[in-house]
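There are 2 protein chains.
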Amino acid sequence: MALILNKDMLKSWNDGPVKQSILDFLKSSIEQGPNYVKPADRIATFDNDGTLWVERPMPAFLDFLFRVFATTAQKNPSLVSAQPYKAILERDETFFQKAIEQDHKAIMALEGAFAREWSGKTPDEFEAEVKEFFATVKQEKFAANFTKLVYKPILELFDVLKKYEYRVFVCSGGGRDFMRVISEETWGIFKENVIGTASQYEYNKGTLTRVDKALGGIALGPGKVEHIFAQTGRLPVFAAGNGDVDIEMLESAKFRLFIHHDDEEREYAYENGAEKLFAIAQEKDYTIVSMKNDWNEIFR
Amino acid sequence: MALILNKDMLKSWNDGPVKQSILDFLKSSIEQGPNYVKPADRIATFDNDGTLWVERPMPAFLDFLFRVFATTAQKNPSLVSAQPYKAILERDETFFQKAIEQDHKAIMALEGAFAREWSGKTPDEFEAEVKEFFATVKQEKFAANFTKLVYKPILELFDVLKKYEYRVFVCSGGGRDFMRVISEETWGIFKENVIGTASQYEYNKGTLTRVDKALGGIALGPGKVEHIFAQTGRLPVFAAGNGDVDIEMLESAKFRLFIHHDDEEREYAYENGAEKLFAIAQEKDYTIVSMKNDWNEIFR
Chain A
1 MALILNKDML KSWNDGPVKQ SILDFLKSSI EQGPNYVKPA DRIATFDNDG
51 TLWVERPMPA FLDFLFRVFA TTAQKNPSLV SAQPYKAILE RDETFFQKAI
101 EQDHKAIMAL EGAFAREWSG KTPDEFEAEV KEFFATVKQE KFAANFTKLV
151 YKPILELFDV LKKYEYRVFV CSGGGRDFMR VISEETWGIF KENVIGTASQ
201 YEYNKGTLTR VDKALGGIAL GPGKVEHIFA QTGRLPVFAA GNGDVDIEML
251 ESAKFRLFIH HDDEEREYAY ENGAEKLFAI AQEKDYTIVS MKNDWNEIFR
Chain B
1001 MALILNKDML KSWNDGPVKQ SILDFLKSSI EQGPNYVKPA DRIATFDNDG
1051 TLWVERPMPA FLDFLFRVFA TTAQKNPSLV SAQPYKAILE RDETFFQKAI
1101 EQDHKAIMAL EGAFAREWSG KTPDEFEAEV KEFFATVKQE KFAANFTKLV
1151 YKPILELFDV LKKYEYRVFV CSGGGRDFMR VISEETWGIF KENVIGTASQ
1201 YEYNKGTLTR VDKALGGIAL GPGKVEHIFA QTGRLPVFAA GNGDVDIEML
1251 ESAKFRLFIH HDDEEREYAY ENGAEKLFAI AQEKDYTIVS MKNDWNEIFR
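Protein chains in written order, with our numbering: chain A, 1 to 300; chain B, 1001 to 1300.
Since the hints were derived computationally from the structure, they do not count as laboratory data.
Hints are not guaranteed to be accurate.
For the chain B half of the interface with chain A, some residues (derived, Cβ under 10 Å), not all of them [to be verified]:
id, residue
1, 1121
2, 1123
3, 1216
4, 1221
5, 1251
Nothing here was measured: the structure is a model prediction, and the numbers come from that model.
No residue lacks a Cβ here, since even glycine has one placed at the ideal position from N, Cα and C.
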């Protein structure tokens, strides 16, 4: 297969070992040899928050949930003493931090509230709320809508992967249907290639409504691999992530890309929530992207 | 958009109103006007058994299950008095008929046995059993492997839909992972475009194993629409089916194709299990394919 990459294709990536290791892997995966991957197997999976767009001070999905749950609790006094409503109303930083770092108990409280909140609602009703959120809420540091804070180098990487006949999926612990509202316009990724935590729906008399029941578990840690297998029937060949909840997804792939947030000036510099993965990435020679050094532009 | 269809593309379809209605719909769906469907929305869903391949005397998946469960019951005397094992060992035609006609109780018994049977097994172990089945078992009437008894006109329709930028999905009450074993080679459909009844998997220490728990409900009737929405985030624009368990899927689509089995000589002629859908199809002007009159070839 003769494949000539347009030199402009990864132009937000500085030349160097990281960019080269991506291109070398992709090239070797389409050429006969020990690294060859047959086209049907070419699945690439990307974490969302912190890998595809900004996740600080808080992932967009959590920001969305917190706003909705605050309103819900204000309307339902019986909820104010239960989590996650209590923490949200009291602006309990500890709970927020736990949720952001994806502590199990905090996540379960959020998951329960998430399933209840839209129970009985249609996909269109949910979509309208999400659209309103994306149209109006601005991220603090950049005073921009979340959909503007998508990493340009990752979108360029999607394009390159597609050139090599990879099918690109986004897999997040965040809400599947939340991401699907913006995935096509913002990321160029069809809804069916968006994998995430989800509720079940019930179809009755021509209408789909959400029910208070999760579909599979939460797509974090091992749950990412489980959701990816359920959606695609495969494990990824190429995977990219930035946090400890991506450890298993990266472990399950052949080529592993770790996004290191080390650019306080243009984005953020942090390792909390990524300590274990960063250690594994260094020990096992994953390809480590320094946002500061490897990307000459950050946002699309 | 100037799109010229190759005249050979639906060559197993006889010229006439059925072929024309398909082509007219597809053409109108890509042209500006009242029937225009934007590319992202172009989802087509096909039932499997009886729509894409032969389902008589018994759908391949049921044939597979019955053989496996018979062996399991012989090895586990405690199971011989429980369904579905009892019926299988006793060759209870009534139970088989109920299962084939997708009676709820029979299906639930099969579903339970299905979830238990491969609990703790890896995808590779399951795949090996399925491959063995497809390689060795022959359908009675045609003395051929099931993978040979795929309808050529439907495969041609897949190709035409793809030309019009539709993404084609197969959605069956049968096992998702069972179909995925053969979907790429036999149907030209990627695993991620195969939707069906499925069990959950657990990822632990680098290995996926199946757990005794369904992922969503059974993909029959309303369950088809629920599974399609979960997988794709949409309802289908184009849907094809042949049985009462496809009623809701067809109802949820814009263009509905009903496959009428009326060719006893070249395949089978039957309406049982399709009585309600056939009545709806006639009443609501669905496009009704007469296998006898509209297809000049049946099998690939």
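Here is what the structure says about each hint:
Annotation: residue 1121 (chain B) was flagged as interfacial toward chain A, and the flag is violated, the nearest CB pair being 14 Å apart, outside 10 Å. With its C-beta approaching chain A no nearer than about 7 Å, residue 1123 (chain B) sits inside the 10 Å limit, and its interface hint holds. The beta carbon of residue 1216 (chain B) is positioned within 10 Å of a beta carbon in chain A (closest approach about 6 Å), and the interface hint is therefore held. A distance limit of 10 Å between C-beta atoms decides the matter here; for residue 1221 (chain B) the minimum to chain A is near 9 Å, and the interface restraint holds.
Interface hint status for residue 1251 (chain B): upheld, as the beta-carbon distance to the closest one in chain A is roughly 7 Å, under 10 Å.
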